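J.: This is what each chain is made of:
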Amino acid sequence: MPHFERLYNFACWLTHDRQEAEDLVQETYAKALKGFSSFRPGTNFRAWIYKILRNAFLTSRTGLKATATVPLDLEDEEGALPAVEETPESILLQRSDGQLVQQALEQLPVAYREILLLCEVEEMSYQEISATLAIPIGTVMSRLSRARKALRGGLQQQFARGTN
Amino acid sequence: MVCESWKAKLDTYLDAEVPEDEMRTFDVHVRSCPSCSADALARVQMKRSIQAAGRRFTPSAEFRKRMQKKIAPKPQRSFGLRWMLAAAAAVILVAGSLTSAYLVSRPGRDQVFSEIADLHVATLASSSPVDVISTDRHTVKPWFQGKIPFAFNLPELQNTEFSLLGGRMTYLEQTPGAHLIYDVRKHHISVFMFQERSLPAKLNESFPSPKQLTFNMETWTQGGLRYFVIGDASAADIDNLAKLFKAAS
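Chains as they are written, first to last, in our numbering: chain A, -9 to 154; chain B, 99 to 347.
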């Protein structure tokens, strides 16, 4: 089963629920097999199968809820970040348990969470991300930049809460 | 270009998404500019942290079995030609895009050894060979908590020539495991650990002949875990590291 482990991991991050993630992965493979004729040889297989999973998620109850509450392309909100001298990177250097990042990722809007996971965890190129999310490369770059900024903000807030 | 312009493109540069010539110019600048290199370092640290935190969920064995049953082609005559073609095309695609997937499909002891050698080489070739970077076993071991379905002990390396570089999660035959990298006189040695019962191939204690494998390797089972120690260091070094692990377990 190609990409099985990774698709499951990605599905868990999208749904926040292992049972739902299993259903999503199952649906993805069923759709992939059924619609294999729609796959164009020479194009990216990984982007194709991730796109199926993502589309299945977006039409699921959890997906609809997640995208209904948060606009897909959030405006660049500078937002007042807590005034702390430590940067998220220095905090991460101090605490190697990774839990901070997991929590910050969990709290991100789905559009930011998914693009960060595709870029950093799946190590997809901008081209692949563009094909998976069906957005232009320019949007990939701007959304990634906003997602990183939002993650940094989330980490700083967590750290500020932890130290107060 | 002033630093501000460089910094605006730093993420794109670290994602290796700028043209090659620009990449080289960036390299030169980052190496010579303390401010940009500090910024780049911080961002790399953040990328690694996201990568490590993002690889969090592993499917259960029960779910994997269920899926394999559903997906596996059934050996029936009624199996449609279209399905067979689709399956064959899928296999070709996957084989083309994923060498590891190809290796997983090959049964047998030597194939497992070859896959271990590939994992070792591919990891060392990576720009970020380890997800947890530390020489301290008390930092590296806890990092694996919740990521792999077993616990293990790491040897004390004081008064030995070995030093721990770090670790990462890995997979062999779709089984999650721990991959640790050690250094001995500039040679890198990989130590892999998997649950013995999860590995489909029955492996005995004999080593593959040098014709089959150009690395030195040792493998054994202890406490329900299958260990592999592999590297281009001398057989004596491999054996010494293996002994340290045997004593620690």
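To be clear, the hints were calculated from the coordinates, so they are not data collected in a lab.
All figures in this text were calculated on a predicted structure; none of them were measured in a lab.
Note that CB positions come from ideal geometry on N, CA and C, so glycine has one too.
Be careful, since some hints might not be right.
Only pairs whose alpha carbons sit at most 27 Å apart, straight line, appear in this in silico DSS-like list of lysine-lysine [unchecked claim]:
no., chain 1, residue 1, chain 2, residue 2
1, A, 24, B, 341
2, B, 341, A, 41
3, A, 24, B, 344
4, B, 168, A, 41
Estimated spans, in silico, between C-beta atoms of each pair [to be verified]:
no., chain 1, residue 1, chain 2, residue 2, range
5, B, 232, A, 13, 13 to 23 Å
6, A, 20, B, 293, 51 to 61 Å
7, A, 7, B, 318, 32 to 42 Å
8, A, 129, B, 126, 45 to 55 Å
Which residues of chain B face chain A? A partial, calculated answer using Cβ under 8 Å [what the hints assert, rightly or not]:
no., residue
9, 109
10, 113
11, 115
12, 148
13, 151
14, 156
15, 167
16, 169
17, 269
J.: Confirm or reject the claim that residue 232 of chain B and residue 13 of chain A have a C-beta distance inside 13 to 23 Å.
T.: Violated: the Cβ-Cβ distance is about 38 Å, outside 13 to 23 Å.
J.: Decide if the proposed pair is consistent with the structure: residue 24 of chain A and residue 344 of chain B, CA atoms, cutoff 27 Å inclusive.
T.: Answer violated: residue 24 of chain A to residue 344 of chain B is near 49 Å, above 27 Å.
J.: Are residue 269 of chain B and chain A close enough, Cβ to Cβ, to be under 8 Å, as the hint says?
T.: This hint holds: residue 269 of chain B lies near chain A, its Cβ roughly 7 Å from the closest one there, short of 8 Å.
J.: Tell me if the interface restraint on residue 167 of chain B is satisfied: Cβ within less than 8 Å of some Cβ in chain A.
T.: Violated, about 11 Å.
J.: Within a Cα-Cα threshold of 27 Å, do residue 24 of chain A and residue 341 of chain B meet the stated pairing?
T.: Not OK: residue 24 of chain A and residue 341 of chain B at ~52 Å, beyond 27 Å, violated.
J.: Checking hints one by one. Is residue 169 of chain B an interface residue toward chain A, by the C-beta closer than 8 Å rule?
T.: 6 Å, holds
J.: Under 8 Å is the threshold here; is the Cβ of residue 109 of chain B close enough to any Cβ of chain A for the hint to stand?
T.: 6 Å, holds
J.: Would you check whether residue 151 of chain B satisfies its interface hint, that is, whether its CB is within less than 8 Å of any CB in chain A?
T.: 4 Å, holds
J.: Does the structure keep residue 341 of chain B and residue 41 of chain A at a Cα separation of 27 Å or less?
T.: 47 Å, violated
J.: Less than 8 Å between beta-carbons is the criterion; does residue 113 of chain B satisfy it with respect to chain A?
T.: Nearest chain A Cβ about 7 Å off; hint holds.
J.: Using 8 Å as the Cβ threshold, decide whether residue 115 of chain B counts as touching chain A.
T.: Hint holds; residue 115 of chain B Cβ to chain A Cβ min 5 Å, cut 8 Å.
J.: With 32 to 42 Å as the target window, see if residue 7 of chain A and residue 318 of chain B comply at their CB atoms.
T.: At roughly 40 Å between Cβ atoms, residue 318 of chain B and residue 7 of chain A fall inside 32 to 42 Å, so the hint holds.
Taken one by one, the earlier hints fail for this structure at numbers 1, 2, 3, 5, 6, 8, 15, listed in ascending order.
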